[in-house]
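Participant: The primary structure of each chain is shown beneath.
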Amino acid sequence: MNDVTAAAAAALPAYRPKLSFAWVGVVPFVAFAFLFLILPTLQIVTGAFRNPAGEFTLANVANLFQPSILSAYWISIRISVASAFLGCVVGFLLAWAIVLGGLPSWVRSPILTFSGVASNFAGVPLAFAFLSTFGRLGLVTLVLRDWFGINIYAYGFNILSFGGLTLTYLFFQIPLMVLIVTPALDGMRREWREAASILGASGFQYWRMVALPILWPTLLGTFALLFANAFGAVATAYALTGSSLSIVPILLFAQIRGDVLQDPHLGYALAFGMIVVTGIANFIYIWLRTRSERWIK
Amino acid sequence: MSDPFLSIRQVRKAFGPTVVVQEFNLDVRQGEFVSFLGPSGCGKTTMLRIVAGFEEPSAGTVNIGGRDVTALKPNQRNIGMVFQAYALFPNMTVAGNIGFGLKVAGKPAAEIRSRVAEMLELIKLQEFGSRYPYQLSGGQQQRVALARAMAARPQVLLLDEPLSALDAKVRVSLREEIRAIQKELGITTIFVTHDQEEALSMSDRIVVMYNGRAEQVGTPFEIYNRPATRFVAGFVGTLNVIEGRVTDPAAGTVSIAGGAVSVGNRLAGRKAGEAVSLALRPEAIALGRREGRDGLVTGTIREVSFLGSVIRVRVAVGEALLSLDTFNSPASPPPVAGETADISFSSSDMLILDR
Amino acid sequence: MKQNRFWSWIFLAIGVLYFLLPLIGTFEFSLKMRRGVYSLDAYEAVIFDPRFQATFGYSVMMALATIVVGVLLVVPTAYWVRLRLPSWRPVLEFVTLLPLVIPPIVIVFGYIRLYNTSSWLPLTGTAMGTNILLMFGYVVLSLPYMYRAIDTGLRAIDVGTLTEAAQSLGAGWITIMWRVILPNVFVAVLSGAFLTFAIVIGEFVLAALLNRPAFGPYLQLIGANRAYEPAALAVIAFAITWGCMALIQVVSRFAPRPPAQPH
Numbered sequence: 050m051n052d053v054t055a056a057a058a059a060a061l062p063a064y065r066p067k068l069s070f071a072w073v074g075v076v077p078f079v080a081f082a083f084l085f086l087i088l089p090t091l092q093i094v095t096g097a098f099r100n101p102a103g104e105f106t107l108a109n110v111a112n113l114f115q116p117s118i119l120s121a122y123w124i125s126i127r128i129s130v131a132s133a134f135l136g137c138v139v140g141f142l143l144a145w146a147i148v149l150g151g152l153p154s155w156v157r158s159p160i161l162t163f164s165g166v167a168s169n170f171a172g173v174p175l176a177f178a179f180l181s182t183f184g185r186l187g188l189v190t191l192v193l194r195d196w197f198g199i200n201i202y203a204y205g206f207n208i209l210s211f212g213g214l215t216l217t218y219l220f221f222q223i224p225l226m227v228l229i230v231t232p233a234l235d236g237m238r239r240e241w242r243e244a245a246s247i248l249g250a251s252g253f254q255y256w257r258m259v260a261l262p263i264l265w266p267t268l269l270g271t272f273a274l275l276f277a278n279a280f281g282a283v284a285t286a287y288a289l290t291g292s293s294l295s296i297v298p299i300l301l302f303a304q305i306r307g308d309v310l311q312d313p314h315l316g317y318a319l320a321f322g323m324i325v326v327t328g329i330a331n332f333i334y335i336w337l338r339t340r341s342e343r344w345i346k
Numbered sequence: 003m004s005d006p007f008l009s010i011r012q013v014r015k016a017f018g019p020t021v022v023v024q025e026f027n028l029d030v031r032q033g034e035f036v037s038f039l040g041p042s043g044c045g046k047t048t049m050l051r052i053v054a055g056f057e058e059p060s061a062g063t064v065n066i067g068g069r070d071v072t073a074l075k076p077n078q079r080n081i082g083m084v085f086q087a088y089a090l091f092p093n094m095t096v097a098g099n100i101g102f103g104l105k106v107a108g109k110p111a112a113e114i115r116s117r118v119a120e121m122l123e124l125i126k127l128q129e130f131g132s133r134y135p136y137q138l139s140g141g142q143q144q145r146v147a148l149a150r151a152m153a154a155r156p157q158v159l160l161l162d163e164p165l166s167a168l169d170a171k172v173r174v175s176l177r178e179e180i181r182a183i184q185k186e187l188g189i190t191t192i193f194v195t196h197d198q199e200e201a202l203s204m205s206d207r208i209v210v211m212y213n214g215r216a217e218q219v220g221t222p223f224e225i226y227n228r229p230a231t232r233f234v235a236g237f238v239g240t241l242n243v244i245e246g247r248v249t250d251p252a253a254g255t256v257s258i259a260g261g262a263v264s265v266g267n268r269l270a271g272r273k274a275g276e277a278v279s280l281a282l283r284p285e286a287i288a289l290g291r292r293e294g295r296d297g298l299v300t301g302t303i304r305e306v307s308f309l310g311s312v313i314r315v316r317v318a319v320g321e322a323l324l325s326l327d328t329f330n331s332p333a334s335p336p337p338v339a340g341e342t343a344d345i346s347f348s349s350s351d352m353l354i355l356d357r
Numbered sequence: 002m003k004q005n006r007f008w009s010w011i012f013l014a015i016g017v018l019y020f021l022l023p024l025i026g027t028f029e030f031s032l033k034m035r036r037g038v039y040s041l042d043a044y045e046a047v048i049f050d051p052r053f054q055a056t057f058g059y060s061v062m063m064a065l066a067t068i069v070v071g072v073l074l075v076v077p078t079a080y081w082v083r084l085r086l087p088s089w090r091p092v093l094e095f096v097t098l099l100p101l102v103i104p105p106i107v108i109v110f111g112y113i114r115l116y117n118t119s120s121w122l123p124l125t126g127t128a129m130g131t132n133i134l135l136m137f138g139y140v141v142l143s144l145p146y147m148y149r150a151i152d153t154g155l156r157a158i159d160v161g162t163l164t165e166a167a168q169s170l171g172a173g174w175i176t177i178m179w180r181v182i183l184p185n186v187f188v189a190v191l192s193g194a195f196l197t198f199a200i201v202i203g204e205f206v207l208a209a210l211l212n213r214p215a216f217g218p219y220l221q222l223i224g225a226n227r228a229y230e231p232a233a234l235a236v237i238a239f240a241i242t243w244g245c246m247a248l249i250q251v252v253s254r255f256a257p258r259p260p261a262q263p264h
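Residue numbers (this note's numbering), protein chains in the order written: chain A, 50 to 346; chain B, 3 to 357; chain C, 2 to 264.
Extracted from the complex, chain A is given alone in its bound form (with noise of 0.2 angstroms):
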């Protein structure tokens, strides 16, 4: 090493690792997170498997199998099914009208923008909405019973049911499907549907052998995520059809109040149950999105 490099390199300091605090700034964030979002829901989890001593225990979830906590979940499920089921064939129909069915383009927007509304608009109010207009005094019902002669409630249906609630539902899970299914359906090339005509392909065997296999991934997501959405809704319940309607939200929220079960940790345990289904559907939900990504590139 020649004079110059060593006196260059006898003139840099040492060098030493700097220690980074970058972290400091999320610190607040990261307080705020675990004190109002991860801790109380870690109490929750914790709690399921806590006896009232403090002793581990899985009595808690046990109990959960008893016949009319068993029916609240499968009444839950069954809602949740229907609404989601319901929600992603009407939202899929008419997401496909706005994009690729050959509407005029004025339409997209304001559809997208009602969706957008519609998917936000849940709770109270909606159950009100369809009370006033699907119940015994609703508009729907009168104009069917005077104009058309159809009285649907001696038929048997009624606003204060399952059939009633999925009804309700519907509002916020169908503009939901089309809000997440209208990119997808965008990033259907045209020339795909142009190729597989070409090869011979009639518009039944492009949908069957091309388009849904690769919209499924969307489509059983979305499923989930419209599952998971109705499963743990409250408020539109409990408006619409009060404690009538035994589901899991409504029992929860019976539990937290008054105690209704008689045993707290039962409560704990139905709450980690919820959790155990919502996250469930969410990861299908995620881990299928990621996977039809890939393939649209």
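There are no misleading hints in this set.
Result set (SDA-like, lysine to any residue): computed pairs, CA atoms no more than 25 angstroms apart in a straight line:
| no. | chain 1 | residue 1 | chain 2 | residue 2 |
| --- | --- | --- | --- | --- |
| 1 | B | Lys75 | C | Arg6 |
| 2 | B | Lys273 | B | Glu321 |
| 3 | B | Lys75 | C | Trp8 |
| 4 | B | Lys105 | A | Arg242 |
| 5 | C | Lys33 | A | Ile199 |
| 6 | C | Lys33 | C | Glu45 |
| 7 | B | Lys185 | B | Glu224 |
| 8 | B | Lys105 | A | Trp241 |
| 9 | B | Lys75 | A | Ser251 |
| 10 | C | Lys33 | C | Ala46 |
| 11 | B | Lys109 | A | Ala260 |
Just so you know, these hints were derived from the structure itself, not from any lab.
Position chains B and C relative to chain A; hints supplied.
Facilitator: Relative to the frame of chain A, chains B and C by itself:
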């Protein structure tokens, strides 16, 4: 043409008030490779899509193999098509894509398998059968698209700017491959492109299109050396345009800024004093006097670019700026800007452009 | 594709019918308070009800507080992670998606168990404490939307270069946040704010279980006891939601576009 295989007659296409294709006529022989060449918006892709069946012509007919296919849907025409954006089905493997046409036609699985293997060998991607499109490069995807289009033995092959989305190097190697495969299979082909080099190097004949009209139909040699219209002359290759005035239509003399030229008897029908546009390809012009060349004008050198083996010179002749290339000569220094220079050419190489 | 278009119109018509009927029905019902005549009596009764004014005012205050706290929490964090801790981004995104996975009723259950009078942070012991707890709950609920809006806004501006420019001109962190970053993501913040507003105004579960006099529980109470006023309230609630969404659309027109990338 005796018994053309593909025949396009009087096809016209209008979208509302806009006419996109006007009175298009073309006869294509069996096994011929024809290019539709033109700038964007000239109607070449629309014309291709009419042949494919994706657009309905406002007037005219398309005949393939003696059959009128104008009313047939795309999936009934037995045509293969390669798209600019490859359009491979992302949910199927390479083998699945290639075999798609055969599967739709209900062919037995064994036949599909052997045909797919055949096609994979043709495009030299034998090991790629079980890969998915997203795992392939652009060039590979386009080769698979080509194989897919040809697997079901179509009567006609249509290619819609298939090389535009690829890198330059891949473009050159793939176009040679496409031409070789096309020749081997002998399939009638229409190739749409805006790249004149592609069209010139690959085609048996070229249709140059502009504003929905077929400006000229001819072999690459004809299109380049005997352009029928000003647009064709300017679009294909570089062109030096010189404006002049007719002095004597009978003798064929034209006066231009740097002197006078004689174009023989090609001025029939023109009047004395009429303005006329003459054009020369750069390779037809030489710097300095040359023997055997009857055309000579004088101009001033404006720009000299030394590119190594080639020296690019731009000479102002009157108002025109002529571009020519001359080879480097180690013995003599390159020309200098500002010098006057003689430009020599053969008057028979001179093109006369219509208005 | 003419046959396609026929079915498209049919599906569209069915969809529009399903969504318009309840809105029309609610509106029509809300006008029927006075026997035999269409009138705005229900709306009058609602707006002049002191409980409406009190609970609506309470929820509006809550919404504003939620928005402020949310912005103060999310904007610096999103900015910091983008600037200095890019590897933390997936963690941040995961955390902001949790409120969509964990049902709100479970979260509020956790609050009650965790922060009751016998815990180390007895928030539910006082009215103000419970208000604060409720507000934090609302921040959690709005977190996914706030974060997504702000992250989109930050992506559209070159955060790194702006920061360096400001620093080279002598600005400290507070100045950078307040004068450089916040004004440039203002539009995104507004979008998140309107969405938060819509969410908080109508929220029921948290407010009901924490026993606070918010608009949501008031709505439910009216619904249980009255006939026509709930319909008027539903119309008002829908109008507010629609208004918030419309404002988001309007405001989004002014969002800065991502800078062109040099090649």
